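A.B. asks: Take a look at the letters that make up each chain.
Number of protein chains: 2
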Amino acid sequence: MTKALDFSKFLSEEAKRREPSPLKSAFKYFSDPNIVFLGGGLPLPDYFPFEKVVAYSPAPPFSNGIDAKPTDDSNTTVVDVLKNNAAAGDVSLAKSLQYGFTEGHTELLAFLKGHTELVHSIPYDDWGLITTVGNTQSWDATLRTFCNPGDHIIVEEYTFSSALETARSQALKFVGAPMDDDGIIPAKLDEILTNWDPAKGKKPVLLYTIPTGQNPTGSSIPTERRKELYKVAQKHDFLIVEDEPYYFLQMDPYVAADGADKEKPVAQTHEEFLKALVTSFISIDTDGRVIRLDSFSKVLAPGVRLGWIVAQDNLLERYVRLHEVSIQTASGFSQSLVQGLLNRWGQKGYLDWLIGLRHEYTEKRDFAINSIVKNVPSSISHYVPPVAGMFFTVFFDVTKHPKYVEFGKDPLKVENAIYERALECGSLMIPGSWFKTPAEDAPPFGDHIFFRGTYAAVPLDQLELGIQRFGDAVKLEYGL
Amino acid sequence: MTKALDFSKFLSEEAKRREPSPLKSAFKYFSDPNIVFLGGGLPLPDYFPFEKVVAYSPAPPFSNGIDAKPTDDSNTTVVDVLKNNAAAGDVSLAKSLQYGFTEGHTELLAFLKGHTELVHSIPYDDWGLITTVGNTQSWDATLRTFCNPGDHIIVEEYTFSSALETARSQALKFVGAPMDDDGIIPAKLDEILTNWDPAKGKKPVLLYTIPTGQNPTGSSIPTERRKELYKVAQKHDFLIVEDEPYYFLQMDPYVAADGADKEKPVAQTHEEFLKALVTSFISIDTDGRVIRLDSFSKVLAPGVRLGWIVAQDNLLERYVRLHEVSIQTASGFSQSLVQGLLNRWGQKGYLDWLIGLRHEYTEKRDFAINSIVKNVPSSISHYVPPVAGMFFTVFFDVTKHPKYVEFGKDPLKVENAIYERALECGSLMIPGSWFKTPAEDAPPFGDHIFFRGTYAAVPLDQLELGIQRFGDAVKLEYGL
Numbered sequence: 001m002t003k004a005l006d007f008s009k010f011l012s013e014e015a016k017r018r019e020p021s022p023l024k025s026a027f028k029y030f031s032d033p034n035i036v037f038l039g040g041g042l043p044l045p046d047y048f049p050f051e052k053v054v055a056y057s058p059a060p061p062f063s064n065g066i067d068a069k070p071t072d073d074s075n076t077t078v079v080d081v082l083k084n085n086a087a088a089g090d091v092s093l094a095k096s097l098q099y100g101f102t103e104g105h106t107e108l109l110a111f112l113k114g115h116t117e118l119v120h121s122i123p124y125d126d127w128g129l130i131t132t133v134g135n136t137q138s139w140d141a142t143l144r145t146f147c148n149p150g151d152h153i154i155v156e157e158y159t160f161s162s163a164l165e166t167a168r169s170q171a172l173k174f175v176g177a178p179m180d181d182d183g184i185i186p187a188k189l190d191e192i193l194t195n196w197d198p199a200k201g202k203k204p205v206l207l208y209t210i211p212t213g214q215n216p217t218g219s220s221i222p223t224e225r226r227k228e229l230y231k232v233a234q235k236h237d238f239l240i241v242e243d244e245p246y247y248f249l250q251m252d253p254y255v256a257a258d259g260a261d262k263e264k265p266v267a268q269t270h271e272e273f274l275k276a277l278v279t280s281f282i283s284i285d286t287d288g289r290v291i292r293l294d295s296f297s298k299v300l301a302p303g304v305r306l307g308w309i310v311a312q313d314n315l316l317e318r319y320v321r322l323h324e325v326s327i328q329t330a331s332g333f334s335q336s337l338v339q340g341l342l343n344r345w346g347q348k349g350y351l352d353w354l355i356g357l358r359h360e361y362t363e364k365r366d367f368a369i370n371s372i373v374k375n376v377p378s379s380i381s382h383y384v385p386p387v388a389g390m391f392f393t394v395f396f397d398v399t400k401h402p403k404y405v406e407f408g409k410d411p412l413k414v415e416n417a418i419y420e421r422a423l424e425c426g427s428l429m430i431p432g433s434w435f436k437t438p439a440e441d442a443p444p445f446g447d448h449i450f451f452r453g454t455y456a457a458v459p460l461d462q463l464e465l466g467i468q469r470f471g472d473a474v475k476l477e478y479g480l
Numbered sequence: 001m002t003k004a005l006d007f008s009k010f011l012s013e014e015a016k017r018r019e020p021s022p023l024k025s026a027f028k029y030f031s032d033p034n035i036v037f038l039g040g041g042l043p044l045p046d047y048f049p050f051e052k053v054v055a056y057s058p059a060p061p062f063s064n065g066i067d068a069k070p071t072d073d074s075n076t077t078v079v080d081v082l083k084n085n086a087a088a089g090d091v092s093l094a095k096s097l098q099y100g101f102t103e104g105h106t107e108l109l110a111f112l113k114g115h116t117e118l119v120h121s122i123p124y125d126d127w128g129l130i131t132t133v134g135n136t137q138s139w140d141a142t143l144r145t146f147c148n149p150g151d152h153i154i155v156e157e158y159t160f161s162s163a164l165e166t167a168r169s170q171a172l173k174f175v176g177a178p179m180d181d182d183g184i185i186p187a188k189l190d191e192i193l194t195n196w197d198p199a200k201g202k203k204p205v206l207l208y209t210i211p212t213g214q215n216p217t218g219s220s221i222p223t224e225r226r227k228e229l230y231k232v233a234q235k236h237d238f239l240i241v242e243d244e245p246y247y248f249l250q251m252d253p254y255v256a257a258d259g260a261d262k263e264k265p266v267a268q269t270h271e272e273f274l275k276a277l278v279t280s281f282i283s284i285d286t287d288g289r290v291i292r293l294d295s296f297s298k299v300l301a302p303g304v305r306l307g308w309i310v311a312q313d314n315l316l317e318r319y320v321r322l323h324e325v326s327i328q329t330a331s332g333f334s335q336s337l338v339q340g341l342l343n344r345w346g347q348k349g350y351l352d353w354l355i356g357l358r359h360e361y362t363e364k365r366d367f368a369i370n371s372i373v374k375n376v377p378s379s380i381s382h383y384v385p386p387v388a389g390m391f392f393t394v395f396f397d398v399t400k401h402p403k404y405v406e407f408g409k410d411p412l413k414v415e416n417a418i419y420e421r422a423l424e425c426g427s428l429m430i431p432g433s434w435f436k437t438p439a440e441d442a443p444p445f446g447d448h449i450f451f452r453g454t455y456a457a458v459p460l461d462q463l464e465l466g467i468q469r470f471g472d473a474v475k476l477e478y479g480l
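Those protein sequences? They're chains A and B, same order as listed. FYI, in our numbering the residues of the first sequence are 1 to 480. FYI, in our numbering the residues of the second sequence are 1 to 480.
Mixed in with the good hints there might be a few duds.
Note that the list lumps identical chains together, so a pair holds whenever it fits in one copy or between two copies.
Cut-off 16 Å, straight-line C-alpha distance, at most; resulting in silico cross-link-like pairs (EDC-like, lysine to aspartate or glutamate) [to be verified]:
(1) Lys-113 / Asp-125
(2) Lys-400 / Asp-410
(3) Lys-16 / Glu-165
(4) Lys-52 / Asp-67
(5) Lys-52 / Asp-80
(6) Lys-227 / Asp-461
These aren't lab readings, by the way, just hints derived from the structure by calculation. If you're wondering where the values come from, they're calculated on a predicted model, not measured in any experiment.
Between the sequences and the hints, there should be enough to build the whole structure, so can you do that?
C.D. replies: Given below as structure tokens:
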């Protein structure tokens, strides 16, 4: 058995203080047939006013697309979960609506473990997974578990502003990892850490990255670069937190509108699909220093508030202690209904769903990029077609803006002028500077600013209209 | 309009640091018909694989008891929530399974607000409520919002060990409020705070209390005493956090088995029921210094992971900022299904349910107490019939234990001997010392120890058997 390294040295003061409940020693008698257990404040399931829940869902293989409505027996998966005597593999309501199972329900954990084994290949043995109420909470729990106020953490130079806010309010400080079109540049991060000034405090304890379909840049870190980054983590001894909500929004390569659609290499079979996925950090994690945050939010629905953390068992145990005294566990309805669906779809049906999702996002991404090509002048802008995620970015050369000198050569003034003009024209994309990490040594804004758009949230006709209006605004601003 | 006082001085360093997301300024354009909004990473509801969920629940007025199974149209409430075009008052799945609504969904908040107005009478106007994922999380969020590491908080001398653990791991310290059969003794708490030694740090910032059906003691604070405690809070200027999961497990008065059952004063009508409820702290809160933690866990089911906080709006806003970067919001399935049920039951149907619950718990409590009278010798023990909650306690005089002197007059050794003996006899009740608050100046254990049992978690025949075996163990221990 290959064991993960001991990283208990990374635990925060708060995490070190956590102790299991003294009542745990009594709860081992809970199911003992010889003991009448009068120890726990559990309400009787007889008083749960839900005898059965039923969900109506589309059925694999989703031949008409994942957005085709289920109409009859042939294309409907009926998820009927009973209070008692639930189907094998289901989480009965008597269980899911009761206290307990902080780690998540056994049946759901088993499905997720099977799924993880299909997709990743974790190099050590003592890994596991626990459920959470979504990656925002997983990230909050991660910071509570590994960071003390005043600590530095590494984040991408531009990143998800909510993730920054979680950390900032906990009094953490940021090191911004320089990026290019392929995400974090390993050599530059190595350089920063090699030249770390101890006067700033201890070296960063973790790297937070959205490696696939990054928010906001839309970039994805290629496999080779992930391996280089992992070596940087080993050299400077920090944890890697890979926040991967967009992992299954990986797409087929972009082929321009004038290319022959039929010749696109499309991942169709389960084998092709799995092979086309980028290598995750946890798949190259020989040490057990990667904490993977996974979620159903972009794959099924955000409101299920159901995510999971994959990591070494010893570190997961500290999360469980935290969850016992905070969220307790994810919603029983969410667990029963999601597991009910996955239980009926099976691993293969779930892959069918993910393949369908890939198809949808590929189509939307292609549509968005084609629309940018058509509407946003290339003389002053550039873009990189994303290979994953919900976001595209368009970069602008500020020096070519007519008011560049009048604006005192301030790139943020150009950015704001474009943002305001786009609003006037009836389109909203988010200025890139809004996602800038407030690192102590952040370099000044360069000559290129960017805007983040999404092709995920609107139908194609609206997407076309939005980008067209944005292009009009840019032309007005640049006098083109 | 009567406004709550400004208690922003009570905010923790962490809570003061929280800022709204910069993206908020863009999101005001989200529903603007003139703007194509390409700003947010929201997946299309077309890709949520849930077209409809249906729950089968009992229907008011629950004439055959709340545990009677729904069998046909006459006694079944069918909660059918659609993805789109949901019934009026329902939370559609397109909304509940999407991002957003950190405070909770409008329809559910409206029901809860109506319910709160029926039950409580809050003396100021700018109060509100937000949903949480249950009181354990509400309590964690409360500590993050009002306490800095090293701060003291006041808790009952014996209290819920998980609530202590939440605070302990955040490096908080405890002041144990002395209790008698009616809960916290206001004069004693006043005395402790009046004699507060500033060398210990600043005076406590909040009181955490489970005023009704307290865990573990089963005590409930009478209305007059709540008013006295509120004055102590005003005098020493601290917040009161009332954790009230058992509020609707208030029961009719205990009448001994030999009393005439028929003469019990039973709360049957909605009016009688509401009138019989104890006055909450928030109903006497002229200042806006009470934070009320409410929950469906004991009323519907723990696994819905759905609670709510009632407090002044200005303080709730700080919780919302925390939730945005941690839990986000409660599960959409939980919100759609619980609101779907409440929407169909209506306020009156919900009161019917609560009256039914009161009836069940009254029956169980009476049964448990009658069984104690029968099985546990009164020569060495006493009990106080609880008027609310899930728990009963039996106190023992340790000085009468045959090995008292042999045990070095250590009450904990007597306690442990009874616990172990009860296990041998096949019954488990929890030793009271396990709930003792680890306060710095905690008095030593006195001559009376207690055990906590519950009448909530087992059917009546098991309850009888468990108490009978516990009584056997006690008789063996005491040589009776």
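A.B. asks: As a check of your reading, is Lys-16 near Glu-165 (CA-CA no more than 16 Å) within one copy, between copies, both or neither?
C.D. replies: between (24 Å within a copy, 13 Å between copies)
A.B. asks: Could you place Lys-400 and Asp-410 in one of the four classes (within, between, both, neither) given a Cα distance threshold of 16 Å?
C.D. replies: Classified as within: same-chain Cα gap 12 Å, cross-chain 84 Å, threshold 16 Å.
A.B. asks: For Lys-227 and Asp-461, with the copy left unspecified, which applies at a CA distance of at most 16 Å: within, between, both, or neither?
C.D. replies: neither (40 Å within a copy, 62 Å between copies)
A.B. asks: Could you place Lys-52 and Asp-80 in one of the four classes (within, between, both, neither) given a Cα distance threshold of 16 Å?
C.D. replies: Intra 7 Å, inter 12 Å, cutoff 16 Å: intra and inter.
A.B. asks: Cα distance capped at 16 Å. Does Lys-52 pair with Asp-67 within a copy, between copies, both, or neither?
C.D. replies: For Lys-52 and Asp-67, only the inter-copy Cα distance (14 Å) is at most 16 Å; the intra-copy one is 26 Å.
A.B. asks: Quick one: Lys-113 to Asp-125, C-alpha cut-off 16 Å, is that within a copy, between copies, both, or neither?
C.D. replies: Answer is within; shortest intra-copy Cα gap is 13 Å, inter-copy 50 Å.
This entry does not satisfy hint 6, going by the numbered hints stated previously; all others are met.
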